[in-house]
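Chains as they are written, first to last, in full-length UniProt numbering: chain A, 1 to 196; chain B, 1 to 196.
Hints are computed from structural coordinates only; laboratory data are not their basis.
A hint or two may mislead.
[Claimed, not checked] DSBU-like mimics (lysine-lysine), calculated; alpha carbons at most 35 angstroms apart, straight line: (1) K161(B) x K30(A); (2) K155(B) x K30(A); (3) K161(B) x K155(A); (4) K126(B) x K48(A); (5) K92(A) x K161(B); (6) K192(B) x K126(A); (7) K30(B) x K161(A); (8) K155(A) x K126(A); (9) K192(A) x K126(B); (10) K30(A) x K160(B); (11) K30(A) x K30(B); (12) K160(B) x K155(A); (13) K170(A) x K48(B); (14) K126(B) x K126(A); (15) K155(A) x K155(B); (16) K126(B) x K161(A); (17) K161(B) x K192(A); (18) K155(A) x K48(B); (19) K192(B) x K160(A); (20) K192(B) x K192(A); (21) K126(B) x K155(A); (22) K92(B) x K170(A); (23) K48(A) x K48(B); (24) K170(A) x K170(B); (25) K160(B) x K161(A); (26) K92(B) x K30(A); (27) K160(A) x K126(B); (28) K155(B) x K170(A); (29) K48(A) x K30(B); (30) K30(B) x K192(A); (31) K126(B) x K30(A); (32) K160(A) x K92(B); (33) K170(A) x K161(B); (34) K48(B) x K192(A); (35) K155(B) x K161(A); (36) K126(B) x K92(A).
Number of protein chains: 2
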Amino acid sequence: MSQQLIPGYTYGTHEVPRSPVTIEEFELLKQAVLFTDEDARHLQLSEKVLEDQVEAVLDVWYGFIGSLPQLLYYFTRPDGQADGAYLAAVRKRFAQWIRDTARANYDQSWLDYQYEIGLRHHRTGKNTTDHVNSVANIGFRYLFPLIFPVTITLKPFLAKKGHSAEVVEKMQQAWVKSLLLQITLWSQPYIKPGDF
Amino acid sequence: MSQQLIPGYTYGTHEVPRSPVTIEEFELLKQAVLFTDEDARHLQLSEKVLEDQVEAVLDVWYGFIGSLPQLLYYFTRPDGQADGAYLAAVRKRFAQWIRDTARANYDQSWLDYQYEIGLRHHRTGKNTTDHVNSVANIGFRYLFPLIFPVTITLKPFLAKKGHSAEVVEKMQQAWVKSLLLQITLWSQPYIKPGDF
Numbered sequence: 001m002s003q004q005l006i007p008g009y010t011y012g013t014h015e016v017p018r019s020p021v022t023i024e025e026f027e028l029l030k031q032a033v034l035f036t037d038e039d040a041r042h043l044q045l046s047e048k049v050l051e052d053q054v055e056a057v058l059d060v061w062y063g064f065i066g067s068l069p070q071l072l073y074y075f076t077r078p079d080g081q082a083d084g085a086y087l088a089a090v091r092k093r094f095a096q097w098i099r100d101t102a103r104a105n106y107d108q109s110w111l112d113y114q115y116e117i118g119l120r121h122h123r124t125g126k127n128t129t130d131h132v133n134s135v136a137n138i139g140f141r142y143l144f145p146l147i148f149p150v151t152i153t154l155k156p157f158l159a160k161k162g163h164s165a166e167v168v169e170k171m172q173q174a175w176v177k178s179l180l181l182q183i184t185l186w187s188q189p190y191i192k193p194g195d196f
Numbered sequence: 001m002s003q004q005l006i007p008g009y010t011y012g013t014h015e016v017p018r019s020p021v022t023i024e025e026f027e028l029l030k031q032a033v034l035f036t037d038e039d040a041r042h043l044q045l046s047e048k049v050l051e052d053q054v055e056a057v058l059d060v061w062y063g064f065i066g067s068l069p070q071l072l073y074y075f076t077r078p079d080g081q082a083d084g085a086y087l088a089a090v091r092k093r094f095a096q097w098i099r100d101t102a103r104a105n106y107d108q109s110w111l112d113y114q115y116e117i118g119l120r121h122h123r124t125g126k127n128t129t130d131h132v133n134s135v136a137n138i139g140f141r142y143l144f145p146l147i148f149p150v151t152i153t154l155k156p157f158l159a160k161k162g163h164s165a166e167v168v169e170k171m172q173q174a175w176v177k178s179l180l181l182q183i184t185l186w187s188q189p190y191i192k193p194g195d196f
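With the hints as extra help, turn the sequences into a complete structure.
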């Protein structure tokens, strides 16, 4: 699916607000998580590895979210039922997010879009992109814990194209580092002024 | 060093406020990070493995913090110099934190103490325990990224007592899950009311 055909995917457009975190501040964060050019290269390798597996990865992740009521809750309507159209709309952007994470072109446009993603998790912007009537805010508490199930279930997919155990491990570690950085950026709208 | 001799270590005492997160809510969080009894057992195994290596682990972690000015900053005095006495006081509790994390007795007392640890990182309680004149607040942005360097540098220590690569991996993964949970709990004072 080309990017133009993904509803609500505004990466690189003028609709995306400027990130409150500068590129210089992001470089300092990368140092703290030990993110290097080698990680960017392993992410880019993972892009090729995952290219034809994106939907299969999403099946696993959606299966996990669907298996835990405390997570599926954030996709429910006022009647308590999961909103299938909402789940489907998010899934298209989720697929593109896999590609964008793996592409590892973490420049100003990417940084700005991480802020936008954070706003869409937070009550500031949740539900508006897909015009849905769902829970107002994704609880901060569930943002970071998902890094573990997401990256541990990614590993078998990373291993499917014949790379050595060491290279698979490095691809997975680069994903973990990237997610620690990304979700830190997504958290910004949740944090009290001055405490970020 | 016995727990009674660690200044400011108030775990299990009446000085520790009640956690705003209930045990039931914490159980839901554990599900989201895939934390099971098997993880608790691997953490407890790591307690024995790390027992005589705690100071060596802290040497590595303090070396990392000392190598990045953006991290060491949180231990500096108004004149910009690192406060050695502050670093030393925190280090004693840091050693006990390794033991407490590995003990994996994540009950109400432990939950309450995670809240206390969060308050001590946040401007609510930073500097007061050690009566120091330092930076007012640890920036939220640096809390989660440190999970990677902390757990990757722990791995060689976990491997030093002859356990199989698989068991070492499981011990390390249990540490990663525990840290995702703990730092989520520590974040509570940073989050806007209602958004946690």
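Going through the hints against the structure:
no., hint, verdict
1, K161(B) x K30(A), "holds, 32 angstroms"
2, K155(B) x K30(A), "holds, 21 angstroms"
3, K161(B) x K155(A), "holds, 27 angstroms"
4, K126(B) x K48(A), "violated, 46 angstroms"
5, K92(A) x K161(B), "violated, 47 angstroms"
6, K192(B) x K126(A), "holds, 16 angstroms"
7, K30(B) x K161(A), "holds, 32 angstroms"
8, K155(A) x K126(A), "holds, 30 angstroms"
9, K192(A) x K126(B), "holds, 16 angstroms"
10, K30(A) x K160(B), "holds, 29 angstroms"
11, K30(A) x K30(B), "holds, 27 angstroms"
12, K160(B) x K155(A), "holds, 26 angstroms"
13, K170(A) x K48(B), "holds, 28 angstroms"
14, K126(B) x K126(A), "holds, 33 angstroms"
15, K155(A) x K155(B), "holds, 19 angstroms"
16, K126(B) x K161(A), "violated, 49 angstroms"
17, K161(B) x K192(A), "violated, 44 angstroms"
18, K155(A) x K48(B), "holds, 29 angstroms"
19, K192(B) x K160(A), "violated, 42 angstroms"
20, K192(B) x K192(A), "holds, 5 angstroms"
21, K126(B) x K155(A), "violated, 39 angstroms"
22, K92(B) x K170(A), "holds, 33 angstroms"
23, K48(A) x K48(B), "violated, 42 angstroms"
24, K170(A) x K170(B), "holds, 17 angstroms"
25, K160(B) x K161(A), "holds, 32 angstroms"
26, K92(B) x K30(A), "holds, 28 angstroms"
27, K160(A) x K126(B), "violated, 47 angstroms"
28, K155(B) x K170(A), "holds, 15 angstroms"
29, K48(A) x K30(B), "holds, 33 angstroms"
30, K30(B) x K192(A), "holds, 25 angstroms"
31, K126(B) x K30(A), "holds, 25 angstroms"
32, K160(A) x K92(B), "violated, 45 angstroms"
33, K170(A) x K161(B), "holds, 24 angstroms"
34, K48(B) x K192(A), "violated, 40 angstroms"
35, K155(B) x K161(A), "holds, 27 angstroms"
36, K126(B) x K92(A), "violated, 43 angstroms"
In summary, the structure is inconsistent with hints 4, 5, 16, 17, 19, 21, 23, 27, 32, 34 and 36 from the numbered list given earlier, while agreeing with the others.
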